[in-house]
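Undergrad: Each chain is listed here by its residues.
Protein chains: 2
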Amino acid sequence: MKTAAYGVQNATSPVAPMSIDRREPGPNDVLIDIEYCGICHSDIHQARNEWGGGSLYPMVPGHEIVGRVRQVGPQVSKFKPGQLVGVGCMVDSCRHCEACDEGEEQYCDHTVFTYNAKDPKHGGLTFGGYAERITVDEHFVVSVPENLDTKAVAPLLCAGITLYSPLKHWQVQPGQKVGIIGLGGLGHMGVKLAAAMGAHVVMITTSASKAADATKLGAHEVLISTQAEDLAKHASSFDLIIDTVPVAHDLNPYIGLLKRDKTIVLVGPLDPVDVHGANLITQRRHVAGSLIGGIAETQEMLDFCGKHNIVSDVEMIDANYINDAYERMLKSDVKYRFVIDINSMKA
Amino acid sequence: MKTAAYGVQNATSPVAPMSIDRREPGPNDVLIDIEYCGICHSDIHQARNEWGGGSLYPMVPGHEIVGRVRQVGPQVSKFKPGQLVGVGCMVDSCRHCEACDEGEEQYCDHTVFTYNAKDPKHGGLTFGGYAERITVDEHFVVSVPENLDTKAVAPLLCAGITLYSPLKHWQVQPGQKVGIIGLGGLGHMGVKLAAAMGAHVVMITTSASKAADATKLGAHEVLISTQAEDLAKHASSFDLIIDTVPVAHDLNPYIGLLKRDKTIVLVGPLDPVDVHGANLITQRRHVAGSLIGGIAETQEMLDFCGKHNIVSDVEMIDANYINDAYERMLKSDVKYRFVIDINSMKA
Numbered sequence: 001m002k003t004a005a006y007g008v009q010n011a012t013s014p015v016a017p018m019s020i021d022r023r024e025p026g027p028n029d030v031l032i033d034i035e036y037c038g039i040c041h042s043d044i045h046q047a048r049n050e051w052g053g054g055s056l057y058p059m060v061p062g063h064e065i066v067g068r069v070r071q072v073g074p075q076v077s078k079f080k081p082g083q084l085v086g087v088g089c090m091v092d093s094c095r096h097c098e099a100c101d102e103g104e105e106q107y108c109d110h111t112v113f114t115y116n117a118k119d120p121k122h123g124g125l126t127f128g129g130y131a132e133r134i135t136v137d138e139h140f141v142v143s144v145p146e147n148l149d150t151k152a153v154a155p156l157l158c159a160g161i162t163l164y165s166p167l168k169h170w171q172v173q174p175g176q177k178v179g180i181i182g183l184g185g186l187g188h189m190g191v192k193l194a195a196a197m198g199a200h201v202v203m204i205t206t207s208a209s210k211a212a213d214a215t216k217l218g219a220h221e222v223l224i225s226t227q228a229e230d231l232a233k234h235a236s237s238f239d240l241i242i243d244t245v246p247v248a249h250d251l252n253p254y255i256g257l258l259k260r261d262k263t264i265v266l267v268g269p270l271d272p273v274d275v276h277g278a279n280l281i282t283q284r285r286h287v288a289g290s291l292i293g294g295i296a297e298t299q300e301m302l303d304f305c306g307k308h309n310i311v312s313d314v315e316m317i318d319a320n321y322i323n324d325a326y327e328r329m330l331k332s333d334v335k336y337r338f339v340i341d342i343n344s345m346k347a
Numbered sequence: 001m002k003t004a005a006y007g008v009q010n011a012t013s014p015v016a017p018m019s020i021d022r023r024e025p026g027p028n029d030v031l032i033d034i035e036y037c038g039i040c041h042s043d044i045h046q047a048r049n050e051w052g053g054g055s056l057y058p059m060v061p062g063h064e065i066v067g068r069v070r071q072v073g074p075q076v077s078k079f080k081p082g083q084l085v086g087v088g089c090m091v092d093s094c095r096h097c098e099a100c101d102e103g104e105e106q107y108c109d110h111t112v113f114t115y116n117a118k119d120p121k122h123g124g125l126t127f128g129g130y131a132e133r134i135t136v137d138e139h140f141v142v143s144v145p146e147n148l149d150t151k152a153v154a155p156l157l158c159a160g161i162t163l164y165s166p167l168k169h170w171q172v173q174p175g176q177k178v179g180i181i182g183l184g185g186l187g188h189m190g191v192k193l194a195a196a197m198g199a200h201v202v203m204i205t206t207s208a209s210k211a212a213d214a215t216k217l218g219a220h221e222v223l224i225s226t227q228a229e230d231l232a233k234h235a236s237s238f239d240l241i242i243d244t245v246p247v248a249h250d251l252n253p254y255i256g257l258l259k260r261d262k263t264i265v266l267v268g269p270l271d272p273v274d275v276h277g278a279n280l281i282t283q284r285r286h287v288a289g290s291l292i293g294g295i296a297e298t299q300e301m302l303d304f305c306g307k308h309n310i311v312s313d314v315e316m317i318d319a320n321y322i323n324d325a326y327e328r329m330l331k332s333d334v335k336y337r338f339v340i341d342i343n344s345m346k347a
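Keeping their order, the protein sequence lines are chains R and W. Numbering of the first sequence is given in UniProt numbering, commencing with residue 1 and proceeding in unit increments. Numbering of the second sequence is given in UniProt numbering, commencing with residue 1 and proceeding in unit increments.
Keep in mind that the hints are not guaranteed to be accurate.
Because identical chains share one entry, a pair is satisfied inside a single copy or across any pair of copies.
Stated by the list, open to error - DSSO-like cross-link-like pairs, simulated, lysine-lysine; straight-line CA separation at most 30 Å:
1) K233 <-> K118
2) K118 <-> K335
3) K121 <-> K259
4) K151 <-> K80
5) K307 <-> K216
6) K121 <-> K233
7) K118 <-> K210
8) K118 <-> K2
9) K210 <-> K151
10) K259 <-> K118
11) K78 <-> K331
12) K259 <-> K168
13) K80 <-> K331
14) K2 <-> K78
15) K121 <-> K216
16) K78 <-> K121
17) K168 <-> K307
18) K78 <-> K216
19) K210 <-> K168
20) K331 <-> K151
21) K346 <-> K2
22) K259 <-> K151
In case anyone wonders, no lab produced these hints; they're calculated from the structure.
Go ahead and model the full structure; you've got the sequences and the hints to work with.
TA: Here is the structure:
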C-alpha cells in the first residue's frame, strides 16, 4: 500500500515528504498506524551518509515508533487491532543463531534494521517511522503500557532500551553507585531508569550548568569531570558507569572511578577512545560496549517503565520541522528528544 | 643481617654487587636462602626509573624468587627449615580490606611490593631477590612442588601467575578457544598454562618466524595478526584473549576476534591502547586488565604446575651477567626468561 512518509533522496537532500510502498500484512505481520516517532542522533548520521558510505537511498529514517495496530495477519497471536504498540531499531533477524535463541536479536549477524537496510525476506529496502504506517513481523513488535504518556514513550524504543539493557545485563542492585556520563537523549533515560532500579545515581558531566536538570531527573549527585577534586573524591567507588558521549574522548579519568572488577559500558562512543592499560590492570577493571536490547528485554523495559511511570522528556514537533530539529540536535539544543507528531503528516 | 646482593645505586648505574641489611626473622617471618631469581622486564623499568620517577634507591630488583627455608619465626606454621619455597611480587598488604579478605592481595591499596617499595611495618625499603637471602612474612611465602625443575620455577612467581590468574578468573574451560598475543616471557607461560587447562590455544603474533616455537610450547594454531585473511578466518571466534604485548598498540584487530560477551585481557600493555567503541558495542565485547594473582591463587598455580609438570623455558646466568641480560631483553633476545643462579653470587 502507498504510505505518506518523510525522508531523504540522497545524502545532501533535506528531509521532505515522499510516498513509499508498504507491504500488506502477511500471515505473521502487524500493520501499524504510527502516531509518534522519536528522532535519534543516528537518524542524522544515516540520512547524511556519515557512517562510512553505507547509506541506502531513498531513506525514511525513524526507529522510535509508537502507534496503534490497524490490522493483523491470520497467524498473529500477540496483537489485536486497536492495541498500542511500539517498534524499535530492528524488524527482523535470522531467528535461529545463538544470539537469537538467547533473545539477543540485536547481536544476530543478520539483524534487519528498521530503516536503511535491505530486507532479504520481502525484498527492497526497509523504511522507518517518519511515516503514516509500517508493517512489521509480530516478533519485532512490542506492547506499550496504556498508562504512559504515549508521545513520550517513543524514545524508549531506542534511547530507553539502550540504557536499560546494560543496567540489567550488569545487574544493577538497589544501593549500588551508578554513573551516567553525558546528559542528552541517552543519558537522561539512564538517570531515570537507574534511579527507578534503586541505584545511587551520579550524573557525570563536563558542564556544571547541567547539575540542576540532572537532579530534577533523579540524579542523587553530580560529578563535574573536569574538576580534579571531584574525580579524586569519587575514585574507585562506582559499581557501573555508562558512557553516552557520542564523540571521541579520553576514557581514563572515568576508568579510575570504578571499583575493582567493575565496568564502564560504552553506549555512545562509536569513535576511538583512549584507554591506558595500567588503569584497567591495577584494579582488574573493564571497558565494554552494549547495543540496544533484545525484543523480550525491550518488552520488559516498557513494562518496567509502565510500572514506574517513566517516559522520555520530549519536545513535540510537526513533520515539516524535522530539518530544523536536526540542526538543533547538532547543537545539543533539545531536552531531551524530539518526537514527530505523525498526525501532522496527514494534514 | 648483612646479605650479599646485586643492585643499582641510581637510575644510571649498572647492576653491581652490594651489601644489604635483612631483618632477622620476626615471629611470623621466614628466612629464605635464595637459590634462583628470574629477571622480569619490570626490573629494567624500575632499575632505570622509567615508570614516572617513582624509583627508590638503592634498589635490589627481583620478584621471581625460589629458595629453601633457612629459619622460621616461632609463630610460623606453614613452613619448616629445608622446605622449597617461592616469593613473588608482594611481601605484605593491609590484610583487612575487601581485596585482602577475598584473597586478592594484589589489589589491596596498601600492597608492599617485593622491592622498590617502602616497608611501613619494618621501616626502610624492600629489597628483592637478586640477593643471597630474604626475610618474608609467611603469608606471602608459597610452597614449591619438589618434582619441578627448581631453577625454571622462578619465573612462575610473576610471569606464571600473571597468566594463570586471568585464565582462572575468566573461567577457561576445556575446548574453549583462547588466544595469547605475543610470545615472550609472559606469552610462553600463557600458551603452556592454557593448553594444560584443555583450551584450544592460538598464538597471536606479528612474526611468522615464531610459529614453530609456539607450536612446540603447546599452541594448536598460530594467527599472524598482520595478515587480513588470518584475522577474517578467526573473526568472532575466541572465548578469551590475553594480550601480553608491553608497548602501545592498536587493540581493534584483536577485539574483532572475540565472540559476543567475551573479553580481551591486558596483562602487558601499560601504555595507551586504541579502542574503537563500535568494535565493543556491536557484540558487547570487553577489554579488561589483570595484575598477577593473590597468594592463595599463586599457591594454586604452583600446585597446578607441579601436577602438569609446567615450568618456564629459561636461560641460566651468573649474577655478573645481569647487565648483559638486560640489554638482550630489550632486543627480545631470550627464550623466554633469564634466571640468575644465586650461587654465582656466593663465590
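Undergrad: Name the hints, by number, that the structure is in violation of.
TA: Of the numbered hints, 2, 7, 11, 13, 15, 18 and 22 do not hold.
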